[in-house]
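K.L.:
Letter by letter, the chains look like this.
2 protein chains.
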Amino acid sequence: MGGERIGEDELVAVIRKVLSGGGPGVVVGPGDDAAVVDPPRGASVLTTDLLVEGVHFDRALTSARDLGHKAVVVNVSDVAAMGGSPWYALVSLGLSEHDDPSWVVEMYGGMRAACDEYALSLVGGDLNRSSVSVISVSVVGEVAQGRAILRSGARPGDRIVVTGALGASSGGLLLARSGNAAMTSEWGRSLLEAHFRPVARVGEGQTLAQSGATAMMDVSDGLLLDLSRLCSESAGGARVALANVPVAAELLELREAVPCDPLELALSGGEDYELLATVPAGAVDGAREKLGERFGVALTDVGEITEYGFVGVDESGAERPLEPRGWDHLAG
Amino acid sequence: MGGERIGEDELVAVIRKVLSGGGPGVVVGPGDDAAVVDPPRGASVLTTDLLVEGVHFDRALTSARDLGHKAVVVNVSDVAAMGGSPWYALVSLGLSEHDDPSWVVEMYGGMRAACDEYALSLVGGDLNRSSVSVISVSVVGEVAQGRAILRSGARPGDRIVVTGALGASSGGLLLARSGNAAMTSEWGRSLLEAHFRPVARVGEGQTLAQSGATAMMDVSDGLLLDLSRLCSESAGGARVALANVPVAAELLELREAVPCDPLELALSGGEDYELLATVPAGAVDGAREKLGERFGVALTDVGEITEYGFVGVDESGAERPLEPRGWDHLAG
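Top to bottom, those sequences are chains A and R.
The first sequence begins at 1003 in our numbering and counts up one residue at a time.
The second sequence begins at 1003 in our numbering and counts up one residue at a time.
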């Protein structure tokens, strides 16, 4: 810690005040060797994600509050991608000497806000020193027995659908890094929001599951890379109608202020946390209607699952092989 | 990664081969957005721990295999300290450029070995680039409803007991850092083993719970610091009989080779992962007998819970205030 050296026990005491004392099903919350909770009624969904300074976030660009919020949301999104509901979160922090206590408490505040938003209880965690700031969040959720939607269930002929619009998160990061004055515009703020305060599609995931989705995942590393993984798990291919890919409208404005290729951002930018699913052809309209009614969220048909290959089709009908580029966690 | 640049998907494929395909209660293992498991029958015990290079481990001293093993064991120990059983583990890795693929696969091998040893299933995780190597493990376990042993249940008059012997882990670290030739001796190897391959007391924790333990935790940060936390949670004090503290016998040998104070290591060294519990005075003998019979593990009475204060008593009966020193996670 910086000038204001504070011990673990003191900081834990402050954090425990920020955290909820309990919540539905919480038997033992933060402060003991482990948390104790009532298990979800259905099957348990378990997921974990690590955010590392300089790789996943830049302290100069993100606020502690947004960072804490996002660290929870990316995990909630993984539960959503199974068709599940999040219940409990655990946090491990590695704090560098740059993290003063107020920064840590702010970050916990952001986590708490995200937990309140998605109705999770933050039940415990762990504080450590580290040479670089690290945030590890794990979430336990629930999905009805036998109802989890995996990546491996897509079948040739299934339509490929995606919620919302793509590319806004990576566009927001571009804009933030550019320092361009357009950050204060309405579309600029919307792009920044997409990057720093992403939304997890929990209800949408459950609705897609109920609508007969055969496979599902969240778009965290870019549509093409994530779709190639879904295809690989399902032992199939994909034909993507490039003109149908829902490019975030704000990117057309961004292009005027900061050089970028909106379609490329939508295809490979990553961190959108929209849901990518496959559904039988006859189920697309019903799913789209429900998502619109319940959540006001668009569902776009971007192509179909094939026996093999990974190709894009342009408006003229010409096909070209697609390269599954996107965020490689080990390249950064 | 170093010379042998490898992408995330390739490394994930290798790791999935190292991991078990399933295990009891595993519905969806590694490779999807989240794992899906049958929830434990009792209450769920949730815990997480982060190991950071340069803080919790030194790549020059520890093998990848030992490191992976220990990352799992420290979490299992937290579950043991509640009187629970571990079931499922999740892993997040932050890999630095020093971590070549064989190192990562070896580390997963160590995790797998620990999971086999304690009958957990390693159900998922996450790989990331990082400027420093980071290992985050979360464990989901089980404890019978209403039977978790917290830190807060100690009452004045309860005896303070500890399993096994203390100080061996920090003695092992001292020895490893010294480079002393005594590392190859039988006692030297035993100290190194205590540090690099710690044991979690799962059966012992359950036995202490059944024997009426009123409070329990694991000794991860040092007996005095951990006991002071237990006292603080229980709103009580402690009187510790210093001559009764079970100092690891190997430390008397270590002292001849490397300057150290065995009692100080036992009181404040940390990372022993023995269990510290409080039990009603009449229950000590029964608990000790069961631990001896079932596990061949000693249980030592080291003092009693008082109304307030935190004092040590020496053999002459003289009292002195104890300073709860130990491992401060934020000082390192």
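For the record, the hints were derived by calculation from the structure and aren't laboratory data.
The structure displayed is predicted, hence computed values, not measured ones.
Heads up, a few of these hints could be off.
Copies of the same chain look alike in the list, so a pair counts if it works inside one copy or between any two.
Stated by the list, open to error - Lysine to any residue pairs mimicking SDA-like chemistry, simulated, CA-CA at most 20 Å apart:
1) K1292 with V1029
2) K1019 with A1251
3) K1019 with A1237
4) K1019 with L1265
5) K1019 with E1321
6) K1292 with W1329
7) K1019 with A1285
8) K1019 with E1266
9) K1292 with R1241
10) K1019 with E1235
11) K1019 with E1291
12) K1019 with G1294
13) K1019 with R1231
14) K1019 with L1254
15) K1019 with S1234
16) K1292 with G1033
17) K1019 with D1316
18) K1019 with S1154
19) K1019 with G1314
20) K1019 with R1327
K.L.:
State for each hint whether it applies.
P.N.:
We went through each hint and held it up to the structure:
Proximity of K1292 to V1029 under the C-alpha cut-off of 20 Å is found in neither arrangement, the shortest distances being 36 Å within a copy and 29 Å between copies. Taking the shortest alpha-carbon separations for K1019 and A1251, neither the intra-copy value of 41 Å nor the inter-copy value of 42 Å comes in at or below 20 Å. In this homomeric assembly, K1019 and A1237 come within 20 Å of each other (Cα to Cα) only across copies, at 18 Å, whereas the closest approach inside a single copy is 49 Å. For the homomeric pair K1019 and L1265, neither the shortest alpha-carbon distance inside one copy (45 Å) nor that between copies (36 Å) is at most 20 Å.
For a Cα distance limit of 20 Å, the shortest separation of K1019 from E1321 qualifies neither inside one copy, at 58 Å, nor across copies, at 35 Å. In this homomeric assembly, K1292 and W1329 never come within 20 Å of each other (Cα to Cα): the closest approach is 31 Å inside a single copy and 54 Å across copies. For a Cα distance limit of 20 Å, the shortest separation of K1019 from A1285 qualifies neither inside one copy, at 47 Å, nor across copies, at 36 Å. In this assembly of identical chains, K1019 and E1266 lie within 20 Å of each other by CA distance neither inside one copy nor across copies; the values are 44 Å within and 34 Å between.
In the homo-oligomer, the alpha carbons of K1292 and R1241 never lie at most 20 Å apart, since the shortest distance is 25 Å inside one protomer and 65 Å across protomers. Proximity of K1019 to E1235 under the C-alpha cut-off of 20 Å is restricted to the inter-copy arrangement: shortest distance 15 Å between copies versus 44 Å within a copy. In this homomeric assembly, K1019 and E1291 never come within 20 Å of each other (Cα to Cα): the closest approach is 43 Å inside a single copy and 42 Å across copies. For the homomeric pair K1019 and G1294, neither the shortest alpha-carbon distance inside one copy (39 Å) nor that between copies (42 Å) is at most 20 Å.
For a Cα distance limit of 20 Å, the shortest separation of K1019 from R1231 across copies, 17 Å, qualifies, whereas the shortest one inside one copy, 42 Å, does not. Taking CA atoms no more than 20 Å apart as the test, K1019 paired with L1254 passes in neither setting, with 44 Å inside one copy and 44 Å between copies. When the C-alpha separation of K1019 and S1234 is checked against a cutoff of 20 Å, the pair qualifies only between copies, where the shortest distance is 16 Å, while the shortest distance within a copy is 46 Å. With identical chains, the CA atoms of K1292 and G1033 are never at most 20 Å apart, being 42 Å at best within one copy and 29 Å at best between copies.
In the homo-oligomer, the alpha carbons of K1019 and D1316 never lie at most 20 Å apart, since the shortest distance is 55 Å inside one protomer and 38 Å across protomers. For the homomeric pair K1019 and S1154, the shortest alpha-carbon distance between copies (18 Å) is at most 20 Å, but the shortest distance inside one copy (43 Å) is not. Within a single copy, K1019 and G1314 get their C-alpha atoms no closer than 52 Å, and across copies no closer than 32 Å, so neither meets the 20 Å cut-off. For the homomeric pair K1019 and R1327, neither the shortest alpha-carbon distance inside one copy (43 Å) nor that between copies (24 Å) is at most 20 Å.
Going down the numbered hints, you'll see the structure goes against 1, 2, 4, 5, 6, 7, 8, 9, 11, 12, 14, 16, 17, 19 and 20, while the others check out.
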